[in-house]
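Chemist: Letter by letter, the chains look like this.
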Amino acid sequence: MASEVARHLLFQSHMAAKTAGMPSQLPDSEQNQKKDNTRSLTMSGHVGFESLPDQLVNRSIQQGFCFNILCVGETGIGKSTLIDTLFNTNFEDHESSHFYPHVRLKAQTYELQESNVHLKLTIVNTVGFGDQINKEESYQPIVDYIDAQFEAYLQEELKIKRSLFNYHDSRIHVCLYFISPTGHSLKTLDLLTMKSLDSKVNIIPVIAKADAISKTELQKFKIKLMSELVSNGVQIYQFPTDDETIAKINASMNGHLPFAVVGSMDEVKVGNKMVKARQYPWGIVQVENENHCDFVKLREMLLCTNMEDLRDQTHTRHYELYRRCKLEELGFTDVGPEHEPLSLQETYEAKRHEFYGERQRKEEEMKQTFVQRVKEKEAMLKEAERELQAKFEHLKRVHQEERIKLEEKRRLLEEEIIAFSKKKATSEIHQNQSFMVPGSSLRKDKDRKKEPGYRFELLCFDVRACETSDGRTDTEEGRGAPRPRGGLGSVWRRSQGL
Amino acid sequence: MDPLRQPPSPCSSRPSSPRTPSCEMLGYVGIEAVLDQLKIKAMKMGFEFNIMVVGQSGLGKSTMVNTLFKSKMWKSTLPGLGVPTPKTLQLQSVTHVIEEKGVKLKLTVTDTPGFGDQINNDKCWDPILGYINEQYERYLQEEILITRQRHIPDTRVHCCVYFVPPTGHCSLRPLDIEFLQRLCQTVNVVPVIARADSLTIEEREAFRRRIQHNLRTHCIEVYPQKCFDEDINDRILNSKIRERIPFAVVGADREHLVNGRCVLGRKTKWGIIEVENMAHCEFPLLRDLLIRTHLQDLKDITHNVHYENYRVFRLNKSHVLPRGPGWVNLAPGPAPSPASPQATPRTMKVCRWTQDNSDDEY
Numbered sequence: 328m329a330s331e332v333a334r335h336l337l338f339q340s341h342m343a344a345k346t347a348g349m350p351s352q353l354p355d356s357e358q359n360q361k362k363d364n365t366r367s368l369t370m371s372g373h374v375g376f377e378s379l380p381d382q383l384v385n386r387s388i389q390q391g392f393c394f395n396i397l398c399v400g401e402t403g404i405g406k407s408t409l410i411d412t413l414f415n416t417n418f419e420d421h422e423s424s425h426f427y428p429h430v431r432l433k434a435q436t437y438e439l440q441e442s443n444v445h446l447k448l449t450i451v452n453t454v455g456f457g458d459q460i461n462k463e464e465s466y467q468p469i470v471d472y473i474d475a476q477f478e479a480y481l482q483e484e485l486k487i488k489r490s491l492f493n494y495h496d497s498r499i500h501v502c503l504y505f506i507s508p509t510g511h512s513l514k515t516l517d518l519l520t521m522k523s524l525d526s527k528v529n530i531i532p533v534i535a536k537a538d539a540i541s542k543t544e545l546q547k548f549k550i551k552l553m554s555e556l557v558s559n560g561v562q563i564y565q566f567p568t569d570d571e572t573i574a575k576i577n578a579s580m581n582g583h584l585p586f587a588v589v590g591s592m593d594e595v596k597v598g599n600k601m602v603k604a605r606q607y608p609w610g611i612v613q614v615e616n617e618n619h620c621d622f623v624k625l626r627e628m629l630l631c632t633n634m635e636d637l638r639d640q641t642h643t644r645h646y647e648l649y650r651r652c653k654l655e656e657l658g659f660t661d662v663g664p665e666h667e668p669l670s671l672q673e674t675y676e677a678k679r680h681e682f683y684g685e686r687q688r689k690e691e692e693m694k695q696t697f698v699q700r701v702k703e704k705e706a707m708l709k710e711a712e713r714e715l716q717a718k719f720e721h722l723k724r725v726h727q728e729e730r731i732k733l734e735e736k737r738r739l740l741e742e743e744i745i746a747f748s749k750k751k752a753t754s755e756i757h758q759n760q761s762f763m764v765p766g767s768s769l770r771k772d773k774d775r776k777k778e779p780g781y782r783f784e785l786l787c788f789d790v791r792a793c794e795t796s797d798g799r800t801d802t803e804e805g806r807g808a809p810r811p812r813g814g815l816g817s818v819w820r821r822s823q824g825l
Numbered sequence: 148m149d150p151l152r153q154p155p156s157p158c159s160s161r162p163s164s165p166r167t168p169s170c171e172m173l174g175y176v177g178i179e180a181v182l183d184q185l186k187i188k189a190m191k192m193g194f195e196f197n198i199m200v201v202g203q204s205g206l207g208k209s210t211m212v213n214t215l216f217k218s219k220m221w222k223s224t225l226p227g228l229g230v231p232t233p234k235t236l237q238l239q240s241v242t243h244v245i246e247e248k249g250v251k252l253k254l255t256v257t258d259t260p261g262f263g264d265q266i267n268n269d270k271c272w273d274p275i276l277g278y279i280n281e282q283y284e285r286y287l288q289e290e291i292l293i294t295r296q297r298h299i300p301d302t303r304v305h306c307c308v309y310f311v312p313p314t315g316h317c318s319l320r321p322l323d324i325e326f327l328q329r330l331c332q333t334v335n336v337v338p339v340i341a342r343a344d345s346l347t348i349e350e351r352e353a354f355r356r357r358i359q360h361n362l363r364t365h366c367i368e369v370y371p372q373k374c375f376d377e378d379i380n381d382r383i384l385n386s387k388i389r390e391r392i393p394f395a396v397v398g399a400d401r402e403h404l405v406n407g408r409c410v411l412g413r414k415t416k417w418g419i420i421e422v423e424n425m426a427h428c429e430f431p432l433l434r435d436l437l438i439r440t441h442l443q444d445l446k447d448i449t450h451n452v453h454y455e456n457y458r459v460f461r462l463n464k465s466h467v468l469p470r471g472p473g474w475v476n477l478a479p480g481p482a483p484s485p486a487s488p489q490a491t492p493r494t495m496k497v498c499r500w501t502q503d504n505s506d507d508e509y
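For the protein sequence lines, the chains are A and B, in the order given.
Residue 328 is where the first sequence starts when you use the working numbering, and the numbers rise one by one after that.
Residue 148 is where the second sequence starts when you use the working numbering, and the numbers rise one by one after that.
It is worth saying that the hints were derived from the structure and are not from the lab.
One thing to keep in mind: the hints can contain errors.
Label-pair ranges, simulated between beta-carbon atoms [stated by the list, open to error]:
1. 383/B <-> 568/A: 42 to 48 Å
2. 172/B <-> 600/A: 16 to 22 Å
3. 489/A <-> 173/B: 37 to 43 Å
In silico SDA-like pairs for lysine to any residue, Cα to Cα no more than 25 Å straight-line [as the list claims (entries may be wrong)]:
4. 596/A <-> 299/B
5. 373/B <-> 385/A
6. 653/A <-> 299/B
7. 718/A <-> 706/A
8. 188/B <-> 386/A
9. 253/B <-> 643/A
Note that beta-carbon positions come from the ideal geometry of N, C-alpha and C, so glycine has one too.
With these hints in hand, go ahead and build the complete structure from the sequences.
Modeler: Written as structure tokens, this is what we have:
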């Protein structure tokens, strides 16, 4: 708390120093120093634009602030705990498992408010970093994520109708790199990751779980780490030293990098107040005690002193670099082949023409393929149709043939029936004639006498349809016995004994 | 106010999305120190402000600028006998760096002598519009370079003060109406009644009402525009200002002794008109609006609304605009494209192109 108050006072005194030498009333004299076509003017009275910074600040308050932190480190090294401790909140997070096959990035956004400052904080965690057996692909997802955020901003900026003022800036402003407290040197994975990230994001390396190292080992470890980083050409974020108010403190902090931090949200009673600490059987490590760890320094530097500078660096250095590379990749240049300044507009136009030509061609191609396919389909359908037709014809023919055969059979059958009935008729006549002859019929008479009564004679089977048999049946029967018309039936005649 | 009819507001309050939970901090962290950081950064960088004064000669434009910034920006021109009126409208710009209490302001004032002075004033607004658009163009060209500067110098006109001659009873003249209609769409315009010491208080009020009525009839939106009001506080504040627009102002750069105090004023036979006395004229209101309270807002609206509008217009119509001096003629393509480029279907495609192309890259 005291440090914040001290900082405010420092700022105020600085302002006072600057205004002390300002006279309020001056005679009408100008000092004409021609520098780049601008002159310095001394005013003869109070105009009132010293409220300009306040106007700017008011606008920023209205808009809100946005800060994105990326935490890179192995699983279980204390990233989430440190973030919780930094912002003095309990962000919800589960413990991650060690068994993810790939490194993933998990981003969560929170809204914090302190007095009248609204901060939209995004924490991006690497899940599964350093867990795989083969760690070759570990840092690529991180690089891709950072690039994707830059790309999204670039897209928004290049749009015709854009709305940059209420765009939620998701570019990573700072990367906290967690180094495990081995006490010896940087791991190869750490070195490689930092090397691939240093031109894309501001890196602040921190030694995690610093309560595992003793004070003397810590000094040696820090020196070793920094010399390794320098000798490998890794550019970590240096706190800016160009403004007098914060130059001194930043310079001294630069010497304390990497910060050895301990994170904890647990409260332990020390003396007569509750502090955030970790309790061991051999003592209590207090998080906010500067003698125990560098946590306070980290919070000071990250949030209180340099947040704006981190955002500025991201926008003016890292993002511009990305934009330049990307646009050059796409083929835009500022200088044409003859070294005359070429505007983006013209390259845009040229590309546009090219693109349209390309697109026309593709359209033509597609059209042709489409027409081709349609033709093929048509041919196929026609083929199928023809086949069906042929089958139908074939079936019809077969059907016809069968029908003819059946007709034939029926005719034969009918003829047989006629023949048969004719035979029967003639045999009956013969029989009747034989009855007239006394001798031969005696036996029959006897039979008949024995059996007086009736005798049923089968006259004929009618198997023919009515229409074909009308004429013949009548002539056959002759006696006009009623015959049932139509249908199959046998006609029996009841005949008296003859 | 129907939100659908509003153009995008320049400084919108953060939309609270349901997906971002708000967290309670259990103690003081120090996030609000970012405001101090902002202040330091702003003071280091300095501020820029570009103002343009438009009006007929003799209305006191130069004197007004001198009074606003309490320094001799221009030599106020007395009507010389032998000085011919300029045949065409010429714009003159002068830049000064002024400092107050550690805050550096780079001020550029653009004057327009010869405006409305000719017999035939047809299209006298064209040079002015051309100048304003040229500043936008310059900024756009800087913005779309591959290797951009860290801080693009801002020469865009943030505010245009339009001087209305104090005729008293008439409404706005046709020249005024034409000019205001055209200019309000490109830049923030603040109309003022010039030389208001020739009007009595009642005449001023009547004239003001008249002008307000005219502005409403012709749908001219002067600064502060109603559609850019953010929240209730802004609206209240700006309504008060809108009540008093146009301000009746008097400019003076000489000091006189009144009641033992040294004040800026105009000395006449019947009294001394004190410029900074609210009972005499409304100069303090103008000064407060332009400098003390709304300067940042003027710059924001210029950047977020007017400049964006210009950019959209420019990028859409780039193939029909006449080519500027640095333009390189595109060689005709190897195969003539079968479909001649049409204006409307093309315009929609450009942004899609950048996205598609980058997708291809990935």
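Chemist: In ascending order, which of the hints set out earlier in this document are inconsistent with the structure?
Modeler: 4
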